[in-house]
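Novice: Modelling step: build the complete structure from the supplied sequences, incorporating the hints.
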Amino acid sequence: MYQVAEVRVLDVEGQDALGFCVRKTYRNIPFDYVDGSTDNEFTSPYWDDRGELCMIKTNEIDNICGLGGDTFSIIEAPEPISQAVSLEDALHAVSDEIGRNSVYDIYGVELVYQFIQEEPKEEAADAPARYNGRLKWKIIGKNQNDDKDTLFYVDLETGAVASRFKPEYGE
1 MYQVAEVRVL DVEGQDALGF CVRKTYRNIP FDYVDGSTDN EFTSPYWDDR
51 GELCMIKTNE IDNICGLGGD TFSIIEAPEP ISQAVSLEDA LHAVSDEIGR
101 NSVYDIYGVE LVYQFIQEEP KEEAADAPAR YNGRLKWKII GKNQNDDKDT
151 LFYVDLETGA VASRFKPEYG E
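In the numbering used here, the protein residues as written are 1 to 171.
Read the hints as simulated data drawn from the structure, not as lab findings.
Values in this document were obtained by computation on a predicted structure and should not be read as measured data.
One thing to keep in mind: the hints can contain errors.
Distance ranges between label pairs, derived from CB positions [as the list claims (entries may be wrong)]: (1) V109 with Q83: 14 to 22 Å; (2) L10 with E110: 22 to 30 Å; (3) V12 with V109: 26 to 34 Å.
Here a beta-carbon is modelled for each residue, glycine too, at the ideal position from N, C-alpha and C.
Specialist: Now the structure itself:
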(Lines of atoms letter the chains of each structure in order from A; the text may use other names.)
(Lines give C-alpha, C1' and ligand atoms only; values in the text may rest on other atoms or scores of the structure.)
Protein backbone atom coordinates (compact mmCIF):
# COMPACT_ATOMS: atom_id res chain seq x y z
CA MET A 1 0.00 0.00 0.00
CA TYR A 2 1.26 3.50 -0.80
CA GLN A 3 0.50 6.83 0.84
CA VAL A 4 1.02 10.33 -0.57
CA ALA A 5 3.82 11.94 1.45
CA GLU A 6 4.04 15.23 -0.40
CA VAL A 7 2.40 17.11 -3.27
CA ARG A 8 4.22 19.78 -5.28
CA VAL A 9 3.04 22.20 -7.92
CA LEU A 10 5.56 22.15 -10.77
CA ASP A 11 6.15 24.30 -13.85
CA VAL A 12 6.67 22.10 -16.91
CA GLU A 13 7.43 24.24 -19.97
CA GLY A 14 5.13 27.00 -18.71
CA GLN A 15 2.33 24.63 -17.77
CA ASP A 16 1.31 23.76 -14.22
CA ALA A 17 1.80 20.14 -13.21
CA LEU A 18 1.43 18.15 -10.03
CA GLY A 19 4.18 15.99 -8.56
CA PHE A 20 3.33 13.39 -5.91
CA CYS A 21 5.92 11.75 -3.69
CA VAL A 22 4.53 8.46 -2.38
CA ARG A 23 5.80 5.99 0.19
CA LYS A 24 4.92 2.50 1.30
CA THR A 25 3.01 1.69 4.48
CA TYR A 26 2.78 -1.37 6.66
CA ARG A 27 -0.22 -1.77 8.96
CA ASN A 28 -1.11 1.86 8.20
CA ILE A 29 2.23 3.19 9.47
CA PRO A 30 4.34 4.79 6.72
CA PHE A 31 7.90 3.95 5.83
CA ASP A 32 10.16 6.93 6.42
CA TYR A 33 10.43 9.47 3.63
CA VAL A 34 13.08 12.18 3.37
CA ASP A 35 12.96 14.79 0.63
CA GLY A 36 16.48 15.67 -0.42
CA SER A 37 19.90 14.42 0.52
CA THR A 38 21.63 15.07 3.81
CA ASP A 39 24.47 17.42 4.60
CA ASN A 40 27.86 16.37 5.95
CA GLU A 41 27.12 17.29 9.56
CA PHE A 42 24.31 14.80 10.13
CA THR A 43 24.40 12.13 7.44
CA SER A 44 21.51 9.70 7.21
CA PRO A 45 22.40 6.05 6.56
CA TYR A 46 18.72 5.18 6.41
CA TRP A 47 16.83 3.84 3.42
CA ASP A 48 13.44 4.92 2.17
CA ASP A 49 11.28 3.17 -0.40
CA ARG A 50 9.40 5.81 -2.31
CA GLY A 51 8.28 6.81 -5.74
CA GLU A 52 7.25 9.88 -7.65
CA LEU A 53 4.22 10.37 -9.86
CA CYS A 54 3.52 13.33 -12.14
CA MET A 55 0.32 14.64 -13.71
CA ILE A 56 1.07 17.17 -16.44
CA LYS A 57 -1.54 17.56 -19.13
CA THR A 58 -4.45 15.47 -17.93
CA ASN A 59 -6.03 14.14 -14.76
CA GLU A 60 -4.15 10.90 -15.38
CA ILE A 61 -0.70 9.89 -14.15
CA ASP A 62 1.75 10.81 -16.93
CA ASN A 63 5.02 9.71 -15.36
CA ILE A 64 6.05 7.21 -12.67
CA CYS A 65 9.55 6.96 -11.16
CA GLY A 66 10.98 4.73 -8.47
CA LEU A 67 7.97 2.70 -7.40
CA GLY A 68 8.76 -0.80 -6.27
CA GLY A 69 12.05 -0.26 -4.51
CA ASP A 70 13.57 -3.11 -2.58
CA THR A 71 10.58 -4.15 -0.49
CA PHE A 72 9.69 -7.65 -1.57
CA SER A 73 8.51 -9.08 1.74
CA ILE A 74 8.30 -8.16 5.40
CA ILE A 75 9.33 -10.49 8.21
CA GLU A 76 7.77 -9.51 11.51
CA ALA A 77 9.86 -9.42 14.67
CA PRO A 78 9.20 -12.43 16.90
CA GLU A 79 8.32 -10.29 19.92
CA PRO A 80 5.71 -7.51 19.87
CA ILE A 81 6.56 -4.12 21.31
CA SER A 82 5.56 -4.28 24.96
CA GLN A 83 6.06 -0.62 25.88
CA ALA A 84 6.07 2.50 23.75
CA VAL A 85 7.51 5.94 24.49
CA SER A 86 4.88 8.68 24.43
CA LEU A 87 5.18 11.63 22.08
CA GLU A 88 5.63 13.90 25.09
CA ASP A 89 8.61 11.82 26.30
CA ALA A 90 10.05 11.78 22.77
CA LEU A 91 9.88 15.60 22.64
CA HIS A 92 11.65 15.78 26.03
CA ALA A 93 14.40 13.49 24.68
CA VAL A 94 14.90 15.81 21.69
CA SER A 95 14.97 18.83 23.99
CA ASP A 96 17.66 17.18 26.12
CA GLU A 97 19.62 16.29 22.96
CA ILE A 98 19.75 19.82 21.56
CA GLY A 99 20.55 21.54 24.86
CA ARG A 100 20.03 25.17 25.79
CA ASN A 101 21.97 26.91 23.00
CA SER A 102 19.52 26.12 20.21
CA VAL A 103 15.80 26.70 19.80
CA TYR A 104 13.73 24.70 17.33
CA ASP A 105 10.21 25.39 16.13
CA ILE A 106 8.62 21.94 15.85
CA TYR A 107 6.27 21.81 12.88
CA GLY A 108 5.90 18.12 12.12
CA VAL A 109 5.63 14.83 13.98
CA GLU A 110 4.79 11.36 12.72
CA LEU A 111 5.31 7.73 13.62
CA VAL A 112 7.33 5.95 10.90
CA TYR A 113 9.25 2.79 10.18
CA GLN A 114 12.90 3.68 9.68
CA PHE A 115 15.14 1.15 7.92
CA ILE A 116 18.87 0.53 7.88
CA GLN A 117 20.47 -2.07 5.65
CA GLU A 118 21.82 -5.17 7.36
CA GLU A 119 25.31 -6.36 6.50
CA PRO A 120 25.03 -9.30 4.08
CA LYS A 121 26.21 -12.67 5.38
CA GLU A 122 29.25 -13.99 3.51
CA GLU A 123 27.51 -17.19 2.38
CA ALA A 124 24.57 -15.18 0.99
CA ALA A 125 26.37 -12.33 -0.79
CA ASP A 126 24.04 -12.56 -3.81
CA ALA A 127 20.85 -12.62 -1.70
CA PRO A 128 18.45 -9.64 -1.84
CA ALA A 129 19.27 -6.75 0.48
CA ARG A 130 17.71 -6.98 3.94
CA TYR A 131 16.71 -4.02 6.06
CA ASN A 132 16.05 -3.85 9.77
CA GLY A 133 13.07 -1.61 10.49
CA ARG A 134 12.36 0.16 13.77
CA LEU A 135 9.40 2.28 14.77
CA LYS A 136 10.51 5.85 15.42
CA TRP A 137 8.96 9.17 16.29
CA LYS A 138 10.05 11.49 13.46
CA ILE A 139 10.14 15.06 14.77
CA ILE A 140 10.72 17.86 12.27
CA GLY A 141 11.88 21.25 13.47
CA LYS A 142 13.36 24.47 12.14
CA ASN A 143 16.45 25.73 13.94
CA GLN A 144 15.97 29.40 14.86
CA ASN A 145 19.76 29.95 14.75
CA ASP A 146 20.28 29.02 11.09
CA ASP A 147 16.67 28.74 9.80
CA LYS A 148 17.33 25.15 8.59
CA ASP A 149 15.19 22.07 9.06
CA THR A 150 16.43 19.22 11.24
CA LEU A 151 14.91 15.76 11.47
CA PHE A 152 15.08 13.98 14.82
CA TYR A 153 14.26 10.29 15.21
CA VAL A 154 13.38 8.90 18.64
CA ASP A 155 13.19 5.12 19.04
CA LEU A 156 9.65 4.15 20.05
CA GLU A 157 10.82 1.37 22.39
CA THR A 158 13.91 2.87 24.05
CA GLY A 159 13.13 6.60 23.96
CA ALA A 160 16.68 7.33 22.77
CA VAL A 161 17.33 9.91 20.06
CA ALA A 162 18.48 7.43 17.44
CA SER A 163 19.56 9.94 14.81
CA ARG A 164 19.27 13.49 13.64
CA PHE A 165 20.22 15.22 10.43
CA LYS A 166 19.52 18.20 8.22
CA PRO A 167 18.06 17.49 4.79
CA GLU A 168 19.39 19.46 1.82
CA TYR A 169 16.60 20.48 -0.50
CA GLY A 170 17.07 20.89 -4.23
CA GLU A 171 16.69 24.20 -5.98
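Novice: Hint by hint, say whether it matches the structure.
Specialist: Quick rundown of the hints versus the structure:
{"no.": "1", "hint": "V109 with Q83: 14 to 22 Å", "in the structure": "holds, 20 Å"}
{"no.": "2", "hint": "L10 with E110: 22 to 30 Å", "in the structure": "holds, 24 Å"}
{"no.": "3", "hint": "V12 with V109: 26 to 34 Å", "in the structure": "holds, 33 Å"}
Against the hints set out earlier in the document, no violation occurs for any number.
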